[in-house]
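Chain order of the listed sequences is A and B. Just so you know, we're using the numbering used here here: the first sequence kicks off at -9 and counts up by one. Just so you know, we're using the numbering used here here: the second sequence kicks off at -9 and counts up by one.
It is possible that part of the hints are untrue.
For identical chains, the list gives no copy identity; a pair is met inside one copy or between any two copies.
[Unchecked claim] Derived DSSO-like pairs: lysine-lysine, alpha-carbon spacing no greater than 30 Å straight-line:
#1 Lys233 to Lys189
#2 Lys237 to Lys151
#3 Lys193 to Lys173
#4 Lys8 to Lys78
#5 Lys227 to Lys105
#6 Lys222 to Lys105
#7 Lys193 to Lys231
#8 Lys172 to Lys115
#9 Lys233 to Lys94
#10 Lys78 to Lys9
#11 Lys78 to Lys222
Because the hints were derived from the structure by calculation, they are not lab data. Quick caveat: nothing in here was measured; it's all calculated off a predicted structure.
Number of protein chains: 2
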Amino acid sequence: MLDNKLWLVYITSPMQAKKRNIKLVIEYDGTNYRGWQSQSGNHVTVQETIMDAIKQITGERVILYGAGRTDSGVHAIGQTASFYSRTKIPPERLRAALNSNLPKDISIRSVEYMKSSFSAQFQVKSKTYCYTILNTEFPSALMRNFSYHVSKVRLDTKKMKQAARHLVGTYDFRSFASASRKKENWVRKIYSITIARDKGIIKIVVRGNGFLYNMVRNIVGTLILAGKGSMKPEAIKEILKLKDRRKAGPNVPPQGLCLMKVEY
Amino acid sequence: MLDNKLWLVYITSPMQAKKRNIKLVIEYDGTNYRGWQSQSGNHVTVQETIMDAIKQITGERVILYGAGRTDSGVHAIGQTASFYSRTKIPPERLRAALNSNLPKDISIRSVEYMKSSFSAQFQVKSKTYCYTILNTEFPSALMRNFSYHVSKVRLDTKKMKQAARHLVGTYDFRSFASASRKKENWVRKIYSITIARDKGIIKIVVRGNGFLYNMVRNIVGTLILAGKGSMKPEAIKEILKLKDRRKAGPNVPPQGLCLMKVEY
Chain A
-9 MLDNKLWLVY ITSPMQAKKR NIKLVIEYDG TNYRGWQSQS GNHVTVQETI MDAIKQITGE
51 RVILYGAGRT DSGVHAIGQT ASFYSRTKIP PERLRAALNS NLPKDISIRS VEYMKSSFSA
111 QFQVKSKTYC YTILNTEFPS ALMRNFSYHV SKVRLDTKKM KQAARHLVGT YDFRSFASAS
171 RKKENWVRKI YSITIARDKG IIKIVVRGNG FLYNMVRNIV GTLILAGKGS MKPEAIKEIL
231 KLKDRRKAGP NVPPQGLCLM KVEY
Chain B
-9 MLDNKLWLVY ITSPMQAKKR NIKLVIEYDG TNYRGWQSQS GNHVTVQETI MDAIKQITGE
51 RVILYGAGRT DSGVHAIGQT ASFYSRTKIP PERLRAALNS NLPKDISIRS VEYMKSSFSA
111 QFQVKSKTYC YTILNTEFPS ALMRNFSYHV SKVRLDTKKM KQAARHLVGT YDFRSFASAS
171 RKKENWVRKI YSITIARDKG IIKIVVRGNG FLYNMVRNIV GTLILAGKGS MKPEAIKEIL
231 KLKDRRKAGP NVPPQGLCLM KVEY
C-alpha cells in the first residue's frame, strides 16, 4: 500500500498519466474470501480475484486500490476501487467482460472512467456499513451467511438507539478499535447510526468519514449489550473517554456486516 | 410414497396410534441439495438430511412426509412435513435439538404436536411460492443463488400482470406441467398471482391449492415472454386450451423459486 504522499507522486508520474483511471463499484459475497486484501498473500482475496480478471481481459498486471479493507466473511454491495490501465474498452463493455471473467460471488455494478487524480482509496468522504442481526429464537438457513443470530434475549432497540446516539459525532474511537497501532490517529466522525427492526431482523446502518479496524463490529457488539440490558446506554460516554478497547463490548462476527456505499 | 387410501390405513393402524404425530415448518437453502426428495436415492436430499437428524435425536428411523417436493436448487421458507415418533421431547426442545443436529443450510422454524389424523402431505389447502427475477443489466453476487437474472430486456410488469390474470382460477394446467403422466389429473386452482417490482427485483407470488411438476417455473417462463413483449398477454387463454406443454414458455431455473407457506 502506498501512503498519501507516495500516491500523489504515483498518479502524477508521466507513466500513469498516459493511462486511464478506472473506478469500479463492486458487490461481493465475502463468505469464501479472505477479505478484500490479505496480509500474507497466501489466501484468495476479492482484490486478487478482480486483479486476475483484469489481467485476463487487458493483459495488464494492475494494482487495484479499494476504499475499504473488508475482513474475511464481510460482504459488500457498494465497495469501490480504482486502477490505472491502458485499455480502451468502453466502460459498459468492460463491465460485461469483467462479470464474465469473475466468479459469480463477485459482481461489478459499474465501471467509470475518472480524472487521473481520482483515488478510490484516499478521497473517501463517507462510508456506509450495514450490520444485520437475526433476533429470533430459531436460526435461519437462508440468512446464515448474512446475519448474526442472537437467540436468547429479545433486544430492546430503543435502548440500542439511545446508546448509539452517544457515538454520533467526532470522537477518539480507540475503545472501539481492535489491534490498533500506537501512533495511529483514532479520531473519526460518525455522521449517523440508524437502527430498525422488521420482525426478527434488526439492521444497524452506520455512516462515517472512516472507520478503524473492526470499529463497526465493535460498536455493534457494544450496542447489543445495551439492547440486552446488561449495559446502560449512557455508559457509551464513559467507554469513549477511557480509550481502552477492553471497556467496550465484544467484536461481533463478520458475516452480518456489509459495506453498502462509498461516497467521494 | 403412500397414496391417499394407504395413508388412512397407515395412520389408523394401532402401531401409529401410540406415537406422536409431529409437524415441522422448515426453511432451507436448496443450493446444495438434490431437492426435497430424490427418485434415485443416491443424492443428498433435504428430506434424508432431516430424517438423519431425527434418528440422531430419537434413535428412530422415521419417514418424513413433506408438503411440497421442491426440486434441486429450490429453496423454502415455510416447507411443512410430518412424521410419527415415540419421542417425548417437548416441541421447543425438539426444535433446538434438530437445529443443533442439522447443517446450517436447513433450519426448523417450528415443531408442533398434531392430532394423529393430520398429514402434512395430504391435507394441504394451499401452497404459496415466490419466484424472484433480477431484472438488471449487471448480475448480483449476493442474490446469485436466490434469483434468475434477466439482463437484456426491461420486463414490462403491466403486461405480466395482464397475462397472469388469465391463470387465476380453476383450469387444466397441462400446458404448464413438465413430464406429466398420461392419467394424471391436471386440474388445479390458482387463488392469486401478484407481481411487484422494487427497482431491479421482480417478485412473483403464486398461491394455489396445488401445483403440477414444474408448474410455477413454467408459468414464470411464460409470464416473462409477455413481459418481454414476445407474446400477447391474452395468448395465455389459448395456451391453457391447447393442453400442450410445447405451447407455453420455457422452464425458468430453480434458484429463483422459494416455497413460502403451506396452509391446512
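Verification of the hints:
1. Lys233 to Lys189: neither (35 Å within a copy, 43 Å between copies)
2. Lys237 to Lys151: Within one copy only: 19 Å inside, 56 Å across.
3. Lys193 to Lys173: Close neither inside one copy (33 Å) nor across copies (51 Å); limit 30 Å.
4. Lys8 to Lys78: Result: close within a single copy only, 12 Å intra versus 76 Å inter.
5. Lys227 to Lys105: For Lys227 and Lys105, neither the intra-copy (42 Å) nor the inter-copy (56 Å) Cα distance is at most 30 Å.
6. Lys222 to Lys105: Intra 49 Å, inter 47 Å, cutoff 30 Å: neither.
7. Lys193 to Lys231: within (27 Å within a copy, 48 Å between copies)
8. Lys172 to Lys115: Classified as within; 25 Å inside a copy, 65 Å across copies.
9. Lys233 to Lys94: neither (42 Å within a copy, 38 Å between copies)
10. Lys78 to Lys9: within (10 Å within a copy, 72 Å between copies)
11. Lys78 to Lys222: neither (57 Å within a copy, 42 Å between copies)
Consistency with the previously given hints fails for numbers 1, 3, 5, 6, 9, 11, ordered from lowest to highest.
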